[in-house]
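Protein chains in written order, with UniProt numbering: chain A, 1 to 398; chain B, 1 to 336.
Treat the hints loosely; a few may be bogus.
Listed next, with one range per pair, are the computed distances between beta-carbon atoms [unchecked claim]: (1) A/302 <-> B/135: 22 to 30 angstroms; (2) A/390 <-> B/3: 35 to 43 angstroms; (3) B/300 <-> A/136: 28 to 36 angstroms; (4) A/162 <-> B/15: 34 to 42 angstroms; (5) A/180 <-> B/68: 44 to 52 angstroms.
These aren't lab readings, by the way, just hints derived from the structure by calculation. Note that CB positions come from ideal geometry on N, CA and C, so glycine has one too.
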Amino acid sequence: MKKLLMASAATALIAGSASAESHANDVKLGVILGFTGPIESLTPSMAASAEMAMKEVSDSGKLLDGKTVTPVRADSTCVDAAAATSAAERLITSEGVKGIMGADCSGVTGAILASVAMPNGVVMISPSATSPALSDVEDAGMFFRTSPSDARQGQVLADLLIEKGLNSVAVTYTNNDYGKGLADSFSSAYTAAGGTVTGTAAHEDGKADYSAEVGALASAGGDALVVAGYVDQGGPGIIRASLDSGAFDTFVLPDGMIGAALEDTFGSDIDGSIGTVPGTESAGASKILEMATAAGFNGEGPYVGESYDAAALMLLAMQAAGSVESADYAGKIMGVANAPGEKIYPGELAKALEIIADGGEVDYVGATAVEFIGGGESAGSYKEILVEGGKLTTVAYR
Amino acid sequence: MDFLNAVVALSNYVVVPAMAYGSQLALGALGVTLIYGILRFSNFAHGDTMAFGTMAVVMVTWAFQAMGVSIAPLPTALLALPFGIAICAALVLGTDRLVYRFYRAQKAKPVILVIVSMGVMFVLNGLVRFIIGVDDQRFGDGARLILSARDFKKMTGLDEGLVIKTSQGLTVLTAVIVVAWLYWFLTHTRSGKSMRAYSDNEDLALLSGINPERVVMITWIIVAALATIAGTLYGLDKSFKPFTYFQLLLPIFAAAIVGGLGSPLGAIAGGFVIAFSEVTVTYAWKKVLVYLLPEGLEPTGLVQLLSTDYKFAVSFVILLIVLLFRPTGLFAGKSV
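So that you can see chain B by itself, here it is in the shape it has in the complex (with noise of 0.2 angstroms):
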């Protein structure tokens, strides 16, 4: 019984929650590796084209409210995904027309895109905030749990409960779909394949009457596509806030280059290597310990390494010993 009490408090509070946030930057460092490993370079507004995403979800998902829509038990903002998509779509090709061609066609070093992506980063981080504000918006609704702890308790008789909410549930079997269809796309349809041949070998590629334009182009939909359903996941798991988009880009990044940049595969498993350090190395022990340990062993202190403040050490660390010890990353991907 205790054992299971152990079982289940640790999956409330760590896998449950991790899952969740493991799926959210995995999708998120897919973006960035997708860009890594054909535009060859990293983009510092990933952040910030999520929260665009997310802005434009919110806005639909509001004007759906408005008029009465609704697809209870489910949130709305799975209904408002696909224009969000488009606009989100909008923008970065927009962008990509209206800058990084530029630099393309200059044959600019990919340091120098770099900072260019952060120029990008902060006119978002700016157009965000302009249209939507600067606070916390909840645009969430439906039904909130999949699994409350009292009902759990009540069906196993155990002490501990164990809650999967709506959002948690949607994020993960949403991440799933999603991987499978871009994995799908990647080997088995002419784009993708024309996509990872750009990838591996950009002057072959061009030789064999690829054309370099169209890649480019269904590169950024993918990605903003990415980059939306990474967005409003997040914001219907937690809430949204421009500003935490923007210190997303730390773990996403993390994810992206512990996975391997470039790797599409190594972006999915970076994802939640890092969301399950940040998690178990934040959360404080005791309780699953006490049901562990015989009597007289356990803990009278939290056993929490790391206070939760320092949330974002975690990806830091990781991302410090990765560089040092295996710049390809898990998967070998490029060199950073």
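Just chain A, same shape as in the assembly (with noise of 0.2 angstroms):
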């Protein structure tokens, strides 16, 4: 009786505003993200983001016949599943809102999705969830992240020492929940495209020596070492009782390894060895720096690309639908990410809705050169890094 009576009051407010000319041409986008808790220092900016997007294309008036677009916010905490699903539970009941740029952590995020947007069928694009559990969740093709997952990574080292003709390797990973969540993914994916893993061990930060950990590794054998570590932790360790001991030469270093202090520790020793982080060449990244100091916040926090690109890809994928339903639109998102059409930069969504008006296609590339792969995911983009000379440079973006 409670639930009838409930619908019945939202279904009079709905249509409410709905007959309410003024409200007809305004769509509502949720920003669910973490205001408080253990990342609001983020959160600030990467909600600007979200919403300089949406302005653009409010400003722009060519949203579906001048239709615009007015964010609505709602705290995350990042942490409380409880309070989470009930900030969105009021996002989509009470607001209305047509579609959710968030949540921020893997936590809430999966909580929001599995109790509230997908039960709803509202759309949500995560700026910043990169648990690599997330892409196997049940979504009903409602769930987005134009972050990388954190699996990611290790299949992109994966595919590039095969191509550097590297076979067999031995991996050591930090005793922690990056370290050993990236040394899985590494492995299988290696695994899977026909590379031996002859060895894994973990190896614990802040330990004199390392040298019984190598022992282990390089009985192990293998033609290099990854070291899935830390460069202000054991991972120097590692290479350096590595070399010592004459086990390896070569190195495999993920993200957490590249850093000044690796060139300046070992120098030209440890030439000829590979690493992936992650990075972007797109101009994007540097139109949406200019695009935020313009705007007044700062830029060059982690995640504000990816806000950005996320409301941004909802309204596009809204005009490609002609509505603003997420049953109708959910299915244009990917089409709107990837090739083939015309590429589009930060600040150019006038000129993407137009296109997308006038019958043609975009290639959403934005400030994190957004490219969905598999269940609607960020394939993130990387820098390959070769250590040559002793200094640390790139190679290549992949």
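Dock the two chains into a complex; use the hints.
Pasting the structure below:
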């Protein structure tokens, strides 16, 4: 009875707002980020960036015959799933948002998706949830993310090694979630691509001496050693012990190991080692920085570009579907994000809307060179690093 | 050829590192065993005494480096060692004057002194961290390697390389010199003889006119020297971090007890027993076995008995076995 009452009340509300002339031309988008909690220092810029994209679209007056976009903020808290789901519930049932830009942290994102967004059939694009677990989650085609899964780097690294002809490696990882996750995703991708992982050993950060760990890895053998650790923690100790004992002289270095300290410590001793680190050569990255500065917020923070892209993709998909309803435009998101079509950078949303309205196709590149793969997550772009003459040099983007 | 490769691989990953580590433990255990034999208590502050002495050496080394003094290819730390020993000796003599002498005058039971030494341990612990910080400090300089893997391979034509670090060579050499000197001191000098007499029978020694305060002072100075040398060698070989010195307490005590508390010879043997056990149990034997075994019998796994994370468990287990079955240790020291 209660549910029926609420449902009819909600219907009345929606009907009421639909009839009001002033609201007919307005689309509300939810912005659910952790405005309080562990990442509260990052979220203001992220929200500002997403709202900048919405404003750009509103100002152009080209979205579905001049609709305007209004952001509605809500607090995900980053850690409290109950608070986040009730905030999302409010956005959908009482504010009537047509899509959600968010959430931020992986845990609350999964919770909102499972208990609010999916049951209500509302599209969610997260700018910053990177847990590999979200790749396999049941989402009915409603969930996307503009940041790559943590597992993605393992895949990229594995492909790189196979291309370079390194077909057997030993792996050591720093004993925490980051190291373990990266080592696991790398190992499975590498083995699937035909490589052999000769041995895997964890290392604890902050030890005086890693010769025992390196001894075990040397016994396993391999063409190179993958060091999934930190450049200011145990990583250099592992490399030093490997060089000293002559166990390995080529190293594979994921993002945690790429840093200037590496050049200072080892110089040309590790020439020929390769690595990957997130990064893009896309012109979008500098463009978003300019726009952020002009709008008066910090564009250098993490996930600022991803937030802009998340909001922009949702709006472009609406234009492509000719509808603001999630069920209609969810299927169009992959289409506007990927080739073929005219490449779209930040600040060119008006142009994109026009192209779509004229029946053309767009390939949204955005601030972070968005390319969706698989279940609607960003492929991410990585810099391929080679140590040459004691310097970390970027040789390619992938 | 395969056999030689196996021997070289074994030397590179087991024998050489264990020799160096064993020497460091032996020097540490000698200090513990001297205190136990002469002052009659287990000095839990020994690990942190090592940390303090090493810290002094590190600071003097930095000063020398800043002044441009160097004895390359040897590490500057060797030059700083006497200064470090002097500073460390001043510290332990000060502690003795402030703390231990009070309890000695009261003829306190050994167990009380053990607890007191724990208190001293915590104070030193804090003092070292306060002065130099909790982070890793590197102070080694000079040539890093005596023999590099590449040179060795070129020289012998073998597939396996043998590496000897300068710090490893220095450690073993220094340990031999120090142990030989200590042996000579204890058996051939008046002071050494009076120390042994005091250790064997305190009352009889006092009756024959040995000055107990002098024996205690000499003991502390020797212990400070041993601790500083052991700590500096460990720091040169690995790196200096206060926490790892605190952790060294367990293998050092295990070494002293395995050898027999109060027996200098036992401490040395114990140090090597512990070091070789730790390294061999946590080493992955695959490489050596692949060389030795005929084709087809080669192991597919790593043949590693215990993950390197459990290195300290080895000292614990050996300690337990010795205490259960031979409480006086290998060289029949005093029962614990």
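Right, here's what the structure says about each hint:
1. A/302 <-> B/135: 22 to 30 angstroms: 27 angstroms, holds
2. A/390 <-> B/3: 35 to 43 angstroms: 39 angstroms, holds
3. B/300 <-> A/136: 28 to 36 angstroms: With Cβ atoms ~31 angstroms apart, the hint holds.
4. A/162 <-> B/15: 34 to 42 angstroms: About 37 angstroms separates the Cβ atoms of residue 162 of chain A and residue 15 of chain B, which means 34 to 42 angstroms holds.
5. A/180 <-> B/68: 44 to 52 angstroms: Once the Cβ atoms are compared, 47 angstroms apart, the range 44 to 52 angstroms for residue 68 of chain B and residue 180 of chain A holds.
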